[in-house]
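**Student:** Quick mapping for you: the protein sequence lines, in order, are chains Y and L. FYI, the numbering used here numbers position 156 of the first sequence as 920, with every residue one higher than the one before it. FYI, the numbering used here numbers position 248 of the second sequence as 334, with every residue one higher than the one before it.
Don't take every hint at face value.
[Said to hold, decoys possible] Now the in silico label distances, taken between C-beta atoms and shown as ranges:
| id | chain 1 | residue 1 | chain 2 | residue 2 | range |
| --- | --- | --- | --- | --- | --- |
| 1 | L | Phe170 | Y | Leu856 | 47 to 53 Å |
| 2 | L | Asn424 | Y | Ala942 | 26 to 32 Å |
| 3 | Y | Glu850 | L | Asn217 | 36 to 42 Å |
| 4 | Y | Pro1031 | L | His120 | 53 to 59 Å |
| 5 | Y | Arg992 | L | Ile357 | 47 to 53 Å |
| 6 | L | Phe170 | Y | Arg976 | 37 to 43 Å |
| 7 | Y | Leu856 | L | Arg222 | 53 to 59 Å |
| 8 | Y | Ala942 | L | Pro408 | 38 to 44 Å |
| 9 | Y | Leu892 | L | Leu133 | 17 to 23 Å |
| 10 | L | Gly272 | Y | Leu891 | 27 to 33 Å |
| 11 | L | Asn424 | Y | Leu864 | 33 to 39 Å |
| 12 | Y | Leu864 | L | Gly186 | 54 to 60 Å |
| 13 | L | Arg298 | Y | Gln842 | 51 to 57 Å |
| 14 | L | Pro197 | Y | Leu916 | 41 to 47 Å |
[Claimed, not checked] Residues of chain Y placed beyond 10 Å of chain L at every Cβ, according to the derived structure:
| id | residue |
| --- | --- |
| 15 | Arg836 |
| 16 | Gly860 |
| 17 | Arg1042 |
Don't read these hints as lab results, they were simulated from the structure. It should be emphasised that the depicted structure is a prediction, and the values quoted were computed from it without experimental measurement. Idealized CB from N, CA, C, for every residue including glycine.
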Amino acid sequence: MLTLFVITWIVYGLTRNMPGTPLTVTLGETDPSRKLNPADIERMKKAYGLDKPWYEAYCIWLGNVVQGDLGRSISRKQPVATLIGERIGPTLALSGAALLLTWTLAIPLGLYASARSGSPDERAVGLLLFVLYSFPTFVAALFLQIIFAVWLRGTAWELPLFGMSGDGVGTGWWHRVADIARHAILPITVQTYGGLAWYSRFIHSTMEEVVRQDYIRTARAKGAGEYRVLFHHAFRNTLIPLVTLLGLSLPGLLSGSVIVEQIFTWPGMGRLFFESIRERDYPTIMGLTLLFSVLTLAGQLLADLLYCMVDPRVSVDS
Amino acid sequence: MSSRTSGGFSANPHLPASHTPMSTSGGFWVEAWHRFRRKPLAMIGFLFVITLVGIAMFAPAIAGTKPVICRYKGRLYVPCLAYFDRRLEPAIFSTDKFRGTYPANLTQKDPASWAIWPLVFQDPYRAVRDNEWPGRPANPARDEGQPNWSRGGWNLLGTDQYGVDVLAKMVHGTTIALMVGFVSMGLAGTIGLIVGAASGYFGGWIDLVASRITEVVMCIPTLVLILALVAFVEKPTIWKTMAIIGMTSWTGIARLARGEFLRLRSSEFVIAAQAAGVGPLRIMLRHILPNALAPVLVPITFGIASAILIESSLSFLGFGSPPPNASWGALLNDARSNLSMWWLVAFPGTAIFLTVLSYNLVGEGLQEATDPRLRDARK
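Chain Y with its partners taken away, still in its complex shape (with noise of 0.2 Å):
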């Protein structure tokens, strides 16, 4: 509770004193002439209550919150909590999606590494995996847009570049979410490669160090059979830290696709956030630094309780 006062009271003092207001920003970069006079300003700075210093705005901010109300976007005006409700679902469809597949695809990937565990082929793929954790997402982004919006552009491969959806695609709603499917693939090929190499490896050397126990040994030599060692004695063993490696990811649902939703022009929340620092937009800014801080403690939160389930030694009550 006191780690998430602080951090709002950071961020909010930081947005507040950033260069240029919500008013300034955005009407006087697109046209001079609907530049608002001074005392228009000032009515305006007055209806936000950005007449007020920064920190007896943020009490307000925060006896508001308190309450449940977000407080209202400047340049967009709506509500916040409405504009974030508009954007969890695509941020959720991808991360969520790509969060899926990286453990789906990394935990088989670990538990082969460690099954081969020093043989050419293992190595090979270790190294490949190795190599794809170094590689850029933007890059990554850029070369598959390449690939399947210019050089394929024309054949059954061809992928859309931007955005979620396309216009003049069928009415039904299986020709809708086909087509949000086509847009993102390649958003979530972008996001899922990183960590499902990041993961394996993680896996892989967690088995390691879980393989050199004296438990594993007496499992051989009582002679169980090499996966029922793998699955059974080993890899229950390496749920605990893969637990709380699950529980910080979660932050990463709502946060982690800032790049890939800007790259990709996908509607999400990491674009809000993005939009919103650009157009000075306060509210908007503190509503999502504020989702993004609860979510990371709940995560954290979350990880120490599936921490009792995994590992009985391990109790809530001490």
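With chain Y's structure known, arrange chain L on it following the hints.
**Tutor:** Just chain L, lined up with the frame of chain Y:
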């Protein structure tokens, strides 16, 4: 005491060299280096980084339009240094109205002059004009500037939409990529070590406050914090970007340093030093830090890789320093609106990728070379 004895050994002329008790262990770092050297991948990464340092140091001599060394009106000049800092450009060339164009002006204004030119006559900040180099056409602009490997092709890696040579831009961008890594991680390492050392060594309320601060910074998503800070900065320059990256990525180092200092605080050599009346600052610097450095160095190496990634993605998103920005990420940003110009993506993208990869390889090698647990495991 011990140092005096061993010094006496090597200085003793009566003892033949073969009889001196040779120490087989050359200390922790020498040992670590020997183990590191045996890892081919880590060594490749290390050599790549060294190569990059070389490219960055000699960038104006590799690609540029200013002579490396030239003799003009009886004196020697090094105009290529102007690429490092504009003030290093010899004043005589501006008073003689060279306007940045050297080849024709040199021969015109002083027929007796000579010059040693960079390997590639291309400028990272502007397009080379027609006949600027005798007999050479102007750089192609827009999407005609694809890489030209045939004879007479002057742009090995192509040109961007304004006709600026990609190779020159990349060579000069190496400096930024390297500096981002070292400066921001130097800052992060310093902050992290100070915070971690203080909280680990002193404990008590200092530890409480420092840990809380670390926790708060950790809880704000890095990119969110960085974007907010970048927007906060009035006129973004590459130095401010580095400072911001450094100020946001010290938490992991601080945690590790805290653990190490906490562990070593109660070790015998520290207690001995305390008993001898050594002050806390000296204990931390002279006695604990050398022992805690190896575990901290590993996250710093990985941190360099991620700092380069962060800087290039910020430049890529248009949040970096304003043009002229020679950063590799800025090159990629140009490519975003011109996807058909694949060479704007392929070369800088590969450069970023290889740099990040080598730092990660070095970090991994360092980890295996210095971590005793991993060392014993890999038999």
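**Student:** All hints are to be evaluated individually against the structure, with a verdict given for each.
**Tutor:** Here is what the structure says about each hint:
Checked against the hint of 47 to 53 Å, the C-beta distance between Phe170 of chain L and Leu856 of chain Y comes to roughly 48 Å, which is consistent with it. Between Asn424 of chain L and Ala942 of chain Y, the C-beta spacing of about 30 Å keeps the proposed range 26 to 32 Å intact. Glu850 of chain Y and Asn217 of chain L have their C-beta atoms about 57 Å apart, which leaves the hinted 36 to 42 Å range violated. Checked against the given bound of 53 to 59 Å, the beta carbons of Pro1031 of chain Y and His120 of chain L, roughly 55 Å apart, stay inside it.
At roughly 49 Å, the beta carbons of Arg992 of chain Y and Ile357 of chain L sit within the given window of 47 to 53 Å. A beta carbon spacing of about 52 Å between Phe170 of chain L and Arg976 of chain Y contradicts the range 37 to 43 Å that was offered as a hint. For the hinted restraint 53 to 59 Å between Leu856 of chain Y and Arg222 of chain L, the CB-CB distance of approximately 56 Å keeps it satisfied. A hinted range of 38 to 44 Å holds for the C-beta pair Ala942 of chain Y and Pro408 of chain L, which are about 42 Å apart.
The hinted window of 17 to 23 Å between Leu892 of chain Y and Leu133 of chain L holds, with their beta carbons roughly 21 Å apart. Between Gly272 of chain L and Leu891 of chain Y the C-beta distance comes to about 30 Å, which sits within the given range of 27 to 33 Å. Hint check: Asn424 of chain L to Leu864 of chain Y, Cβ distance near 35 Å, so the stated range 33 to 39 Å holds. The hinted window of 54 to 60 Å between Leu864 of chain Y and Gly186 of chain L holds, with their beta carbons roughly 56 Å apart.
The hinted range of 51 to 57 Å is not satisfied by Arg298 of chain L and Gln842 of chain Y, whose Cβ atoms lie roughly 36 Å apart. Our hint of 41 to 47 Å for Pro197 of chain L and Leu916 of chain Y is violated, since their Cβ atoms are close to 57 Å apart. Arg836 of chain Y, annotated as away from the interface, keeps every beta carbon of chain L farther than 10 Å; the closest lies near 20 Å. Consistency note on Gly860 of chain Y: stated as away from chain L, and its beta-carbon is indeed over 10 Å from all of that chain's, at 18 Å minimum.
Consistency note on Arg1042 of chain Y: stated as away from chain L, yet its beta-carbon is not over 10 Å from all of that chain's, at 8 Å minimum.
In the structure shown, a violation is registered for the earlier hints numbered 3, 6, 13, 14, 17, in ascending order.
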